[in-house]
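All chains, full assembly: derive it from the sequences and hints.
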Amino acid sequence: MLESLTQSGLLPMALAHAPAPGTGAEALPAAAAYPLASAIEGMAWAGWILWLPAISLILCGLCAALRIHNKLPAWITVAFIGGGFFVTLALYLNYTEPVTIELFRWFDLQWGEGESARHFIASFSLYVDKLTLLWMLFVTGLSALIALYASEYMEADLKGGYARFFAGVSVFVFAMSCLVMGDNLLMLYLGWEGVGFASYWLIGYYYHKPSAVEAAKKAFIVNRIGDLGLALGLYLTWHYFGTVEYVTPEGTGIFDQIRAGVNADGEAGGWQIKAIPFLFMLGAFGKSAQIPLYVWLPDAMEGPTPVSALIHAATMVTAGVYLLARMFPLMEALHPLALPTVAWIGGLTALLAATIGMAQYDIKRIFAYSTVSQLGYMFLGIGLLTTFGGAYHVFTHAFFKAVLFLTAGAVMHGFAGQIDLRKVSGLARMPGWRIVSYTMLYACLCLVGFPFISSGFYSKDTIMAQAFISHGPGYTALGVIAVLTALLTVYYTFRVWFRVCAGPVRYEMGDEHHGDEDDEHGGHAHDKPHAPRFAINFTLLVITAGAIASIWLYLNGWGKEMIAGSTAAPGAPGAPGTGHGAHAAHGEAHGGFWSDPHTWMPWVASITTLVGIAIAWYFHLANRRAAERLKQAMLANPVARWLPLAMENKWYVDELYHAFIRFPLWVIGHACYFIDRYLVDLVVIDGIGRFPRWMGRLFQPLQNGVLQSYAGWMMFFLGAIALVVQYAPQIRAFIEQWFGGQGG
Amino acid sequence: MIDTILASIEPISTLTLGHYLLTSAVLFVIGLVGFLTRRNLIIMFLCTELMFQGAGIALIAFGRFHLDISGQVFVIFILTVAAAEAALALGLVVLLYRRKETLDAEAWSELKD
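Quick note, the sequences are listed as chains V and P, same order.
Here this note's numbering is used: the first residue of the first sequence is 1, the next is one more, and so on.
Here this note's numbering is used: the first residue of the second sequence is 1001, the next is one more, and so on.
Quick caveat, the hints were computed from the structure, so don't treat them as lab data.
Check before you lean on any hint, since a few could be wrong.
[To be verified] With beta-carbon atoms standing in for the labels, derived distance ranges: (1) P/Thr1016 / V/Glu736: 33 to 41 angstroms; (2) P/Phe1077 / V/Leu679: 52 to 60 angstroms; (3) V/Ile685 / P/Ile1078: 22 to 30 angstroms; (4) P/Leu1017 / V/Ala728: 21 to 29 angstroms.
For glycine and all other residues, C-beta sits at the position ideal for the given N, C-alpha and C.
Here it is in structure tokens:
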């Protein structure tokens, strides 16, 4: 591997003359910012994190095949994924240093000889460092809880796709575990495609509903664009680094090489190696719903609500952030503009999604746009070199966004599919809805970053303050955008809570019938809401407790240490060409209040939050008609009317996609169709068939049944043949004269 | 008219190849015209026999002209085949007549379908 890199000019010559890869550890710089992985024997039990969801999938499939119409699949899934959580916990408690755990050999290919020898090694191995653990703890924990919630939420479908649903959840968790725990890019890619497939499976769960099928297809196809980026990035990484493994005990992994000083400045590298971070970025933007590929996420609402919670909180969308956090050394080392691009895309996505969220009426849709917006913050954090801020925001966001979706789902479940925030009011005062209302309130406080008592406050402030610390293109403007977005976030979040949970008790039932009319569950009348029972309330309380716990985990430095002890820590690889000089500037400044953003940002954020809550309180609780009047006034004003219209119509992005991508594709498709139908089919294929028929029709009149005419025609053609034979030389001369003399 | 045609083909010689060929052509054309104009199956059959003999005379004439015996041999074979075929054809005609009680060839024009 090292030889091949030297030939491609990537590796400095000094390193190439260092000891062989087997003892390569000594050759690396002494200042080891993160320890190398060590292969530990006998830790194969960690593989159960992957195997348990896989077994759960098989068992759920068996339940479906045996037509078991009780809650068995749900309990299987909860037990197995919960078991996965406890295995993760055990792994965390046993953790001492980054390790590679090989489960089995997967790809071990070698070809070529001598100079041109290449190999491709991708074991089915786990790479466990603190970033992995941080991710796996919330992925498995939240997934188990969401499955528990779904056991009650999906009960209307007991006779339908209950087992199919939980099989999908198991696939989701299995794929996500592969993605996060894999020790090489190929396993990450396996999980990446797996979560894409699982999301298709679950978003399209109500496959008899055309909108759900379309949403599933949209999610899958939009993700495919991102997946292309990841696949190309994977290939280029293998081509230039000679491996797809992150870190190996022998010191030949991608990160080992980055740390040893490999960067894109080598002559043989060229633009391809510089493209690697951008290709990974494309993949991350697709999976984590960033501009320009965010359009699938709001439509993913068509799946059952627990699926939304799963996608938004634990599994799907966090994969993109994980990819960038995991590949952070590459992002830093290979191109100076990679991270600023991530930061800007993240910041703009946060703002755009927040403005759209302000004008929607569908509660789940608002939360979906808030997810897009918060993911924007995470990318902003990673781009601004605070991977801690980005990754920890993923962690806190996972809890409160799960609560938000699950409470929205509880409302939808209880009110027969009602999800319009104008049609339900005063939920907190209805009997049996108190837990839902107040866990939702706490989750809202977390989402807006309410001072001191919410987890979002700490993680979001870390990101926003960093915008004023890092030096990069327009980072101060990004900071202003982030603060503005925070204000919008407060408004749209509390718009939901004040409308739905506060105010006078008033509701309108939805028109959705759970399951069939004649099943036992359909027995309850659809004119009365039914409050959630144990599984839903319990799940909400546990996840809310997790959200509160994540404050403590921030304050005692656990979160920071989880990132600092992983490859995602900025500057850790010691790669040259990092460019930003972020933390260097920070720390010198310890003058007044305004000199350190970490000091003033909490105050700015707190004031922003309180102002936002006040505005939302006025328009959506104290004086609800004022909001409608303001909207009407803006619509009446010819200058300002574009703003509410654009926001409500999602900035016409779907329409833009339609005009510039779908419509041209439609035109091309139909052009191809017409060419095929009329040129190929009609002229060529049919023509071949029709020519003999035409000829037949031409001579058909000759067969008239009159014997004499047969004889006459016979004589006529005999005479014609005789003439041709007689005058053959003349005819030949004539043809040669007119059509060129090839005959000679 | 025949005189002028004979004179134009061979003015001096008394009996040349041209005469034989002319005879054969005349026989053939008489047969052809008869075949095309009459509808009686037996007459039409006789006309085909005429055309046959016209072709036979041409063969013998050419054979004699080239001093080659095979022309005559060939015609003897043809005559044998023609005799067999005449027996067959007349048998067919009798059958057709029994079916429709007529010898008109038009009666069988439905065979085109």
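Hints and how they fare:
Taking the beta carbon of each, threonine 1016 of chain P and glutamate 736 of chain V are about 38 angstroms apart, inside 33 to 41 angstroms as hinted. A C-beta distance of roughly 58 angstroms is found between phenylalanine 1077 of chain P and leucine 679 of chain V, which places it inside the suggested range of 52 to 60 angstroms. Between isoleucine 685 of chain V and isoleucine 1078 of chain P the beta carbon distance is about 50 angstroms. The supplied range of 22 to 30 angstroms is therefore violated. Hint check: leucine 1017 of chain P to alanine 728 of chain V, Cβ distance near 24 angstroms, so the stated range 21 to 29 angstroms holds.
In summary, the one numbered hint that this structure violates is 3.
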